[in-house]
Amino acid sequence: MKRNQLSIKTIVAIGIGSAVFVILGRFASIPTGVPNTNFDTSYGFLALMAVVFGPIAGGLIGLIGHALKDAIFYGTPWWSWVVVSGFVGFLIGLVAKKINIESGIFNIKKIILFNVIQIVAQAIGWFLIAPSLDVLIYAEPANKVYLQGIVAGGLNMVTVAVLGTLLLAIYAKSRSQSGSLIKED
Amino acid sequence: MAVEMLSYIDRQSPIHRLTGVTKLICFLIWSSIAMLTYDTRILVFLFLFSICVFIVSKVKLKEVAFVLLFILLFLMINNLAIYVFSPQEGVKIYGTSHVLFEISERYTITLEQLFYQLNVTLKYFTVIPAAILFIVTTNPSEFAASLNRIGISYRISYSVALALRYIPDIQRDFRNISMSQQARGIDMSRKEKLPKRIKNAASIIVPLILSSLDKIEVISNAMELRGFGKNKKRTWYRARPFQKIDVLTLILFAFILLVSLYVTFVDGNRFYNPFL
Numbered sequence: 001m002k003r004n005q006l007s008i009k010t011i012v013a014i015g016i017g018s019a020v021f022v023i024l025g026r027f028a029s030i031p032t033g034v035p036n037t038n039f040d041t042s043y044g045f046l047a048l049m050a051v052v053f054g055p056i057a058g059g060l061i062g063l064i065g066h067a068l069k070d071a072i073f074y075g076t077p078w079w080s081w082v083v084v085s086g087f088v089g090f091l092i093g094l095v096a097k098k099i100n101i102e103s104g105i106f107n108i109k110k111i112i113l114f115n116v117i118q119i120v121a122q123a124i125g126w127f128l129i130a131p132s133l134d135v136l137i138y139a140e141p142a143n144k145v146y147l148q149g150i151v152a153g154g155l156n157m158v159t160v161a162v163l164g165t166l167l168l169a170i171y172a173k174s175r176s177q178s179g180s181l182i183k184e185d
Numbered sequence: 001m002a003v004e005m006l007s008y009i010d011r012q013s014p015i016h017r018l019t020g021v022t023k024l025i026c027f028l029i030w031s032s033i034a035m036l037t038y039d040t041r042i043l044v045f046l047f048l049f050s051i052c053v054f055i056v057s058k059v060k061l062k063e064v065a066f067v068l069l070f071i072l073l074f075l076m077i078n079n080l081a082i083y084v085f086s087p088q089e090g091v092k093i094y095g096t097s098h099v100l101f102e103i104s105e106r107y108t109i110t111l112e113q114l115f116y117q118l119n120v121t122l123k124y125f126t127v128i129p130a131a132i133l134f135i136v137t138t139n140p141s142e143f144a145a146s147l148n149r150i151g152i153s154y155r156i157s158y159s160v161a162l163a164l165r166y167i168p169d170i171q172r173d174f175r176n177i178s179m180s181q182q183a184r185g186i187d188m189s190r191k192e193k194l195p196k197r198i199k200n201a202a203s204i205i206v207p208l209i210l211s212s213l214d215k216i217e218v219i220s221n222a223m224e225l226r227g228f229g230k231n232k233k234r235t236w237y238r239a240r241p242f243q244k245i246d247v248l249t250l251i252l253f254a255f256i257l258l259v260s261l262y263v264t265f266v267d268g269n270r271f272y273n274p275f276l
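Residue numbers (the working numbering), protein chains in the order written: chain A, 1 to 185; chain B, 1 to 276.
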């Protein structure tokens, strides 16, 4: 198989990841009170998948998962936010190589790196891109969509910081570290 | 937790007989028009047209009522929020101000604002029937084949097919895990305080994610064994050849797209202004 093609594992990860994203987004999100914004656990999961399977998988899980969730539960995809989910997943995935979660080591340095990138990615995504697209496409009042963006983005940052870090730590623990086997005498 | 979701409804109707590719392209055209235009005349026309298509499709209102109710509720909250945050948005857009009556200085109700919010609502009403129809009349397997047909790589199309195939499975897993955790006294409902609720949510999410990661392993091994991805192309069991009606529908939709864009942008502004 050529190098530039997606591996079978990535393809399956995108499929199953999107399905889990849909279910978490629908059943395991807690409403905040501001319309259209939730304390959304699916973004913690998205961050995990992005770090484990890389930027392409992260981006596509965000894109496909969010579009399907909107479509089957809310009737119509809200494109401006769907795009941002993909963008956030892609950006977090960019540090996948650096964090190298398969090594089984997830120390303080990597935790900080992960959280810096997720906060930067989500700040650009939710504070800037999502509201701007809302204004552009749906011509909604700017102050409303920026508030929605800030509330949703802030909550998502907290979710990813808490749940994403926790999930990564659990995942790292389930990997066998290199050199963890000791030769018996 | 019997939450309903939209899924394919098998029925004999002209809409069902259209190939998935046609419906996908039409849906994309439809949502692009609805996104681009703010012209009330176009929106009203699209809305009425989509109602007609809905009737032709033989999908009963009852079958999608739960989603409609949800959307209506969402639209109501959204409209209120727009009004609260920007009660003079319409005045800004249309450039005139016809005061109907005053509540307070900021929240004066103007004809422009009402018209603007009517347009916002219409924008949703044009897309919703089309989107719902697209979901309930397209067989999921055929949908993946259609994605491939319009130029998306078959690997990614196959991921979408996998996602659609596994959503019910994962939902069942989620329910099982959540029930067994509830049996152990872990509550995720409204009765629990927010921080505790989030912590409890994690106790359901972690097993769900770990079991899903296992699933990825199993499925990718199975696909590997069957030689998935070896060839440049693949055929789809569900793909159907174009019929005459598909070609006609596509031409009709292309025509609607051109006319709508022309009417919308001919005066250099995507809003239709009746106040001038």
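Hints listed in this document are in silico derivations from the structure and should not be mistaken for laboratory results.
Each hint should be verified, as a subset may be incorrect.
Claimed, not checked - Covered stretches of chain A, going by a simulated chain B footprint (3 or more residues, C-beta under 8 Å):
1) 68-78
2) 94-100
Unchecked claim - Below 35 Å or equal to it, Euclidean Cα-Cα: the simulated DSBU-like pairs (lysine-lysine) are:
3) K193(B) with K173(A)
4) K233(B) with K97(A)
5) K109(A) with K232(B)
6) K232(B) with K97(A)
7) K191(B) with K9(A)
8) K244(B) with K232(B)
9) K173(A) with K109(A)
10) K215(B) with K109(A)
11) K244(B) with K98(A)
12) K98(A) with K196(B)
13) K199(B) with K173(A)
14) K183(A) with K215(B)
15) K215(B) with K233(B)
16) K98(A) with K230(B)
17) K109(A) with K9(A)
18) K62(B) with K98(A)
19) K193(B) with K9(A)
20) K173(A) with K191(B)
21) K109(A) with K230(B)
22) K97(A) with K193(B)
23) K230(B) with K215(B)
24) K215(B) with K9(A)
25) K97(A) with K183(A)
26) K230(B) with K191(B)
27) K109(A) with K98(A)
28) K191(B) with K97(A)
29) K173(A) with K215(B)
30) K9(A) with K183(A)
31) K98(A) with K232(B)
32) K215(B) with K98(A)
33) K109(A) with K191(B)
34) K244(B) with K233(B)
35) K199(B) with K97(A)
36) K244(B) with K9(A)
37) K232(B) with K62(B)
38) K98(A) with K183(A)
39) K60(B) with K173(A)
40) K233(B) with K9(A)
All residues carry an ideal CB built from backbone N, CA and C; glycine is no exception.
Here is what the structure says about each hint:
With a cut-off of 8 Å between beta carbons, the segment 68-78 of chain A has 8 residues touching chain B; three or more are needed, and the interface restraint holds. With 0 residues having a beta carbon nearer than 8 Å to a beta carbon of chain B, the segment 94-100 of chain A misses the requirement of three or more and the stated coverage is violated. For the proposed pair K193(B) and K173(A), the alpha carbon gap of about 30 Å is at most 35 Å, so the pair holds. Restraint check: the Cα-Cα separation between K233(B) and K97(A) comes to about 30 Å, which is no more than 35 Å; the hinted pair holds.
The suggested pairing of K109(A) with K232(B) is violated, with an alpha-carbon distance near 42 Å, which exceeds 35 Å. Taking the CA atoms of K232(B) and K97(A), the gap is about 28 Å. The hint holds against a cut of 35 Å. With a CA separation close to 40 Å, the supplied pair K191(B) and K9(A) exceeds the 35 Å bound. For the proposed pair K244(B) and K232(B), the alpha carbon gap of about 29 Å is at most 35 Å, so the pair holds.
A C-alpha spacing of about 16 Å is found between K173(A) and K109(A), which places the hinted pair at or below 35 Å, so the restraint holds. The suggested pairing of K215(B) with K109(A) holds, with an alpha-carbon distance near 31 Å, which does not exceed 35 Å. The straight-line distance between the Cα atoms of K244(B) and K98(A) is roughly 54 Å, outside the 35 Å bound, and the hint therefore fails. For the hint pairing K98(A) with K196(B), the CA-to-CA distance comes to about 33 Å; that is within 35 Å, so the pair holds.
Using a Cα cut-off of 35 Å, the hinted pair K199(B) and K173(A) holds, with the two alpha carbons roughly 20 Å apart. Under the criterion of a C-alpha separation no larger than 35 Å, the hint pairing K183(A) with K215(B) is consistent with the structure, at around 33 Å. Between K215(B) and K233(B) the CA atoms are separated by roughly 26 Å; this keeps the pair inside 35 Å, and the hint holds. With a C-alpha separation of about 30 Å, the suggested pairing of K98(A) with K230(B) holds against the 35 Å cut-off.
For the hint pairing K109(A) with K9(A), the CA-to-CA distance comes to about 28 Å; that is within 35 Å, so the pair holds. Using a Cα cut-off of 35 Å, the hinted pair K62(B) and K98(A) is violated, with the two alpha carbons roughly 52 Å apart. The suggested pairing of K193(B) with K9(A) is violated, with an alpha-carbon distance near 39 Å, which exceeds 35 Å. Taking the CA atoms of K173(A) and K191(B), the gap is about 33 Å. The hint holds against a cut of 35 Å.
For a cut-off of 35 Å, the pair hint linking K109(A) to K230(B) is broken: about 40 Å separates their Cα positions. Taking the CA atoms of K97(A) and K193(B), the gap is near 38 Å; set against the 35 Å cutoff, the hint is violated. For the suggested pair K230(B) and K215(B), the alpha carbons sit about 22 Å apart, so the restraint of at most 35 Å is met. For the suggested pair K215(B) and K9(A), the alpha carbons sit about 11 Å apart, so the restraint of at most 35 Å is met.
With a C-alpha separation of about 30 Å, the suggested pair K97(A) and K183(A) falls inside the 35 Å cut-off, and the hint holds. Between the alpha carbons of K230(B) and K191(B) the distance comes to roughly 53 Å, so the proposed pair goes past 35 Å and is violated. For the hint pairing K109(A) with K98(A), the CA-to-CA distance comes to about 11 Å; that is within 35 Å, so the pair holds. The hinted pair formed by K191(B) and K97(A) fails the criterion: a straight-line CA distance of about 42 Å is larger than 35 Å.
Distance check on the hinted pair: K173(A) and K215(B) sit about 19 Å apart at the alpha-carbon level, within 35 Å; holds. Between the alpha carbons of K9(A) and K183(A) the distance comes to roughly 32 Å, so the proposed pair stays at or under 35 Å and holds. With a C-alpha separation of about 32 Å, the suggested pair K98(A) and K232(B) falls inside the 35 Å cut-off, and the hint holds. As the CA atoms of K215(B) and K98(A) are separated by approximately 26 Å, the hinted pair is consistent with the 35 Å bound.
Restraint check: the Cα-Cα separation between K109(A) and K191(B) comes to about 38 Å, which exceeds 35 Å; the hinted pair is violated. With a CA separation close to 26 Å, the supplied pair K244(B) and K233(B) stays within the 35 Å bound. Straight-line distance between C-alpha atoms of K199(B) and K97(A) comes to about 30 Å, which keeps the hinted pair within the 35 Å bound. About 40 Å separates the Cα atoms of K244(B) and K9(A), which puts this hinted pair outside 35 Å; it is violated.
At roughly 44 Å between alpha-carbon atoms, K232(B) and K62(B) are farther apart than 35 Å, so this suggested pair is violated. For the proposed pair K98(A) and K183(A), the alpha carbon gap of about 30 Å is at most 35 Å, so the pair holds. Simply put, K60(B) and K173(A) have alpha-carbon atoms about 51 Å apart, too far for the 35 Å limit, and the pair is violated. The straight-line distance between the Cα atoms of K233(B) and K9(A) is roughly 19 Å, inside the 35 Å bound, and the hint therefore holds.
Taken one by one, the earlier hints fail for this structure at numbers 2, 5, 7, 11, 18, 19, 21, 22, 26, 28, 33, 36, 37 and 39, listed in ascending order.
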